[in-house]
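Model the placement of chain B on the given structure of chain A, informed by the hints.
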Amino acid sequence: MRPSVPRLANKILKNLCDERYLEEVQGDLEEIFESNLETLGRKKANRIYWLDVLKHIRPYFIKKRSINLITQNQTAMWAIYLKIALRNFWKSKVVSGINTTGLSIGLACCIIIFFHIKDELSYDTFLEDGDSIYRVLNINPERDQPASAGGPIPLGPTLLSEFSGVEDAVRLWRDYQPTISLEEKVFVENEFLFADENFFNMFSFSLEQGDPKTALSQPNSLILTNSLAEKYFGTEDPMGKTLQYDGGRGLKQLMVTGIMNDLPHNTHFSFDLLASFSTVDDQTNWGSYKPIWTYITLTDGTTPDHIRTQFPPFAKKYAKFRVVEYAGFGFDLEPVSSIYVESRARRNMKPLGNLQSIYVLAAVGICILLIACINFINLTMANSLARFKEVGIRKVMGAGRSQLIRQFLTESGITIVFALGVSVILTALFLPIYNALSGKQIDLIYLLDIEFVAYILLGLVAATLLAGLYPAKSIASLGNHLVVKRASDKVGNNAGIRKGLVVFQFLVSATLIIGVLIIDQQQRYIFSKPLGIDKEQVMVVPTSNQEGAFLQKLYSMPEISSVGISQRLPVNLLNYDGRGFGVEGLERAVSAQSCVIDLDFIETYGIEIIAGRNHFKEPAGTWEYLINESAVKEFEWGTPENALGKKIYLSPEHGMTGKVIGVFKDYHLESLHEKIPPMIMFKNIREDWKGWHREFVSLKYQTDDLLSFSRRIEDLWKSHNDGRAYFSFFIDDSYEQLHEADGRFATLFNYLTFIAMFIACIGLLGISMLIVNQKVKEIGIRKVLGASALNVVLLFSKKFVSLVMIGLILACPVAYYMTERWLQSFSYRIDIGFMPFLMALFILAFLSIVTIVTHTAKAALTNPAESLKDE
Amino acid sequence: MKGTHLGEFEELVLLIIAILGEGAYGVAIRDELEVQSGRKISIGAVHAATNRLEDKGFLDSKFGEVTLERGGKRKKFYKMSPLGERMLKASKDLRNRLWSRIPASSLSINLADK
Chain A
0 MRPSVPRLAN
10 KILKNLCDER
20 YLEEVQGDLE
30 EIFESNLETL
40 GRKKANRIYW
50 LDVLKHIRPY
60 FIKKRSINLI
70 TQNQTAMWAI
80 YLKIALRNFW
90 KSKVVSGINT
100 TGLSIGLACC
110 IIIFFHIKDE
120 LSYDTFLEDG
130 DSIYRVLNIN
140 PERDQPASAG
150 GPIPLGPTLL
160 SEFSGVEDAV
170 RLWRDYQPTI
180 SLEEKVFVEN
190 EFLFADENFF
200 NMFSFSLEQG
210 DPKTALSQPN
220 SLILTNSLAE
230 KYFGTEDPMG
240 KTLQYDGGRG
250 LKQLMVTGIM
260 NDLPHNTHFS
270 FDLLASFSTV
280 DDQTNWGSYK
290 PIWTYITLTD
300 GTTPDHIRTQ
310 FPPFAKKYAK
320 FRVVEYAGFG
330 FDLEPVSSIY
340 VESRARRNMK
350 PLGNLQSIYV
360 LAAVGICILL
370 IACINFINLT
380 MANSLARFKE
390 VGIRKVMGAG
400 RSQLIRQFLT
410 ESGITIVFAL
420 GVSVILTALF
430 LPIYNALSGK
440 QIDLIYLLDI
450 EFVAYILLGL
460 VAATLLAGLY
470 PAKSIASLGN
480 HLVVKRASDK
490 VGNNAGIRKG
500 LVVFQFLVSA
510 TLIIGVLIID
520 QQQRYIFSKP
530 LGIDKEQVMV
540 VPTSNQEGAF
550 LQKLYSMPEI
560 SSVGISQRLP
570 VNLLNYDGRG
580 FGVEGLERAV
590 SAQSCVIDLD
600 FIETYGIEII
610 AGRNHFKEPA
620 GTWEYLINES
630 AVKEFEWGTP
640 ENALGKKIYL
650 SPEHGMTGKV
660 IGVFKDYHLE
670 SLHEKIPPMI
680 MFKNIREDWK
690 GWHREFVSLK
700 YQTDDLLSFS
710 RRIEDLWKSH
720 NDGRAYFSFF
730 IDDSYEQLHE
740 ADGRFATLFN
750 YLTFIAMFIA
760 CIGLLGISML
770 IVNQKVKEIG
780 IRKVLGASAL
790 NVVLLFSKKF
800 VSLVMIGLIL
810 ACPVAYYMTE
820 RWLQSFSYRI
830 DIGFMPFLMA
840 LFILAFLSIV
850 TIVTHTAKAA
860 LTNPAESLKD
870 E
Chain B
0 MKGTHLGEFE
10 ELVLLIIAIL
20 GEGAYGVAIR
30 DELEVQSGRK
40 ISIGAVHAAT
50 NRLEDKGFLD
60 SKFGEVTLER
70 GGKRKKFYKM
80 SPLGERMLKA
90 SKDLRNRLWS
100 RIPASSLSIN
110 LADK
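Chains as they are written, first to last, in numbering that gives the first Met the number 0: chain A, 0 to 870; chain B, 0 to 113.
The shape of chain B in the complex, shown without the other chains:
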């Protein structure tokens, strides 16, 4: 088993896939990522992340139907696996724990605004 570590970019991709639900395939993931994060993201990076996540078992995938679009190539749709959900949850818990430990006085922004 390849490591179970979840990188920052991988986490983002996982979240986006969760948001997209049924329609999560390469281009859609990239577009949504760009919209949400406001960064320019190359499709290659997305492919690398999704395939790696699949190798780690955080994602499941299935191919769609052949259409006239995309030069006849099928789309590869991703879905979060239960293991992926748990990883995401663990990651969120960790963050929340850390956030809650930060004393209010050491931050210049007001957390309460959130």
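Bound conformation, chain A alone:
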């Protein structure tokens, strides 16, 4: 057969072109098409036909429509639609109840999630020129591992002096928990940073008091946030006063030169105190990575890529770590404005968000709303059975299809507006709880946000159409004869779609349940995984001035079983010291976390030695090193036993070359997302280096009266340290903090899943109720013919339970894929087993059976005489 003219184009022409011209135009166009077909081929002929049709769309040819319709009184009809919609809303209370409950909860979830995501995306957007400030990252070009945000001390100034295109550089150095004191007021400050003097030049934070240009220019200057100033000085004016600092840089008196507002919560920065960077004495060490963040701005016209190309030769120049070149030394840039959501770098000032969890939340929110919409569609469809007569009469009286659609849409609109109102109230009620759960500070005032209101109105229209259009269209398009007749055959056709929707609902619910179970498993794994250290009953206090006497007293206390001294504590994030150095038998340099320890550090934390010894031979005057299993692997030394006696050139120019005397078992010092890094521990044997790092005293104790014990320790310490500030903390608290974000995500996910499940179940309840109500007579007849109540219940439950099961089976691969992706963010993780899937099966089967059976059973137990008495 000859190909015919493009159907769609022809249809458009038919619809638009006035009758008077249609035949001529169509004929001519077709003739042209036919001749083009022979000469130019199908494709071209089609295209020309389309073009010709489009060229005919001009006012002259377009149908002059009759304008009669507009003159009909539509406003009066809208009033009727509204009245009927309201009547129906009240009449079918169960259906409206389920619809509004589901929709309002779904909407409230979406609103809260919307705020959550908006808040996540708002991080650092308040910074002026945030797009042109870059954070310098440390990367290891040799291998594929996450970048680290911390860098060597001289990085910033060196970039500024040696790179073309760098306009400014600012360093921020976190000092690990210094004690800050003003006479009797002593606090351990977690948020203490040293900052370069041009900090306020680069970042648009403003000072409430003090001059931003000079506040950080002198050594020993200090800027406080408002709340800190109040904490120390109350109502007094803090400017020009001094606070005592006792931390990683020794004992110093810092003068307050500025007061700034507290940081907003939506920034990746985290500090309460800023001290001038010039307070730090040693600023030259390239070989050590510390919690120092370097930020740079570029001159006009310089691209980040231009800077990136300068990094490799630069890294080579400064990577000459003692004996061998270190190839694992490289840098990269990331814009400040995208750090919070996009950065994958480790060691940030505070935990960052991530895009993945934003996507997950958005997806879950949309799924919940979809489930609610599906309830709505299903219930409206099922409930409309009762309204076939109404629709039929309307049609007979002359209602057009579009009028019926309008009426049903009004009804959906009413329900949705009502649900929206309820959801705003729900949001208001649950926001405080949500804030507590998520650690966010979302204010109710956001509800008045213009953007939000716009989204809500858009969502309202979308939801009305999404949930209302399908039922409205299918009811309105029923033929008149079907409508007046009993129309159950027609509804039987729709049941296919309804089943599909139920399957989808339970697919989503099952995916979420499996997700919850697996997240929960991983969460439990995190908290039960042996860390490799014993963090219970260890108390940490500062080192003492009169060390010998203090330690002797400690040893004499019966409660204390061992005492360890260390530069860093086994569990914490931002007190690290990464070093690059050479080792025996390797051409390349390696990097490892280093820690200076003394006394019985190893015993105090119960760290297991798997080869060699843990006792340093004093006073041999040689450097002796303990390394962990990961280091053995990293240094390519084979077995732990083999590693013993191998040489490490930690810092040959300082004479720090020594031998490995022991290997200890790997232990975690960061969250389980991170791999355990190679570690090296050693004792400082140079008396004159005593002051070059800060130390902590860890006490392993055994006591029933912790309060009096810690008071005695405090008194003891104070008696040896006049004028110094005391602090103490327990090591097991710090570990919990490492997984705070994971814990929050898990709780949030739990709640959302519960909500999704709940909405899906009430939907199932509603639909089974409607179906059973329609089949009351069928049940009656079945019973008369000898079916038992159990038979009937089974018969009706079977259908629904099988739908739920299909949903579950389809959910398995989806859930597997998604949870596997999530688990990949952990270096230490569970393997996905069968259990979560079986559990989900059990839970869903149980819930759906309970939901369906409760109602079916009622119908099944009714005396058939009751249900059939009308016949």
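Rather than coming from a laboratory, the hints here were simulated on the basis of the structure.
For each residue, glycine too, the CB sits at the ideal point set by N, CA and C.
Treat each hint with caution, since some may be false.
Computed, partial: chain A to chain B, Cβ under 7 Å [unchecked claim]:
id, residue
1, Asp17
2, Glu18
3, Glu22
4, Glu23
5, Tyr59
Using the frame of chain A, we list chain B on its own:
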């Protein structure tokens, strides 16, 4: 009555219809126009012109027979109406008058060649 003005393109279409005589319908008009003028002309333009000319009363039309061609659609044949002929004549007279007024010296081409 819609205006009696005769546009340039409309005049061309009228002339072509006069040339074609019996066989003047959409596609034929377009093809002849393209041949004579050497321009590419869209069928839509032709339709617009013919229908407008008919509205103005310069053209008469009748439908042809149903054939197997053209998807069974009839051709619409146009014929110049007496009013159309007069309009064309008036237009030609006007032009001739204007041409004859042009002094030979103001033209660089030789009119006598024509």
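Hint-by-hint comparison with the structure:
no., hint, in the structure
1, Asp17, "10 Å, violated"
2, Glu18, "13 Å, violated"
3, Glu22, "5 Å, holds"
4, Glu23, "4 Å, holds"
5, Tyr59, "6 Å, holds"
Violated hints for the displayed structure, listed by number in ascending order: 1, 2.
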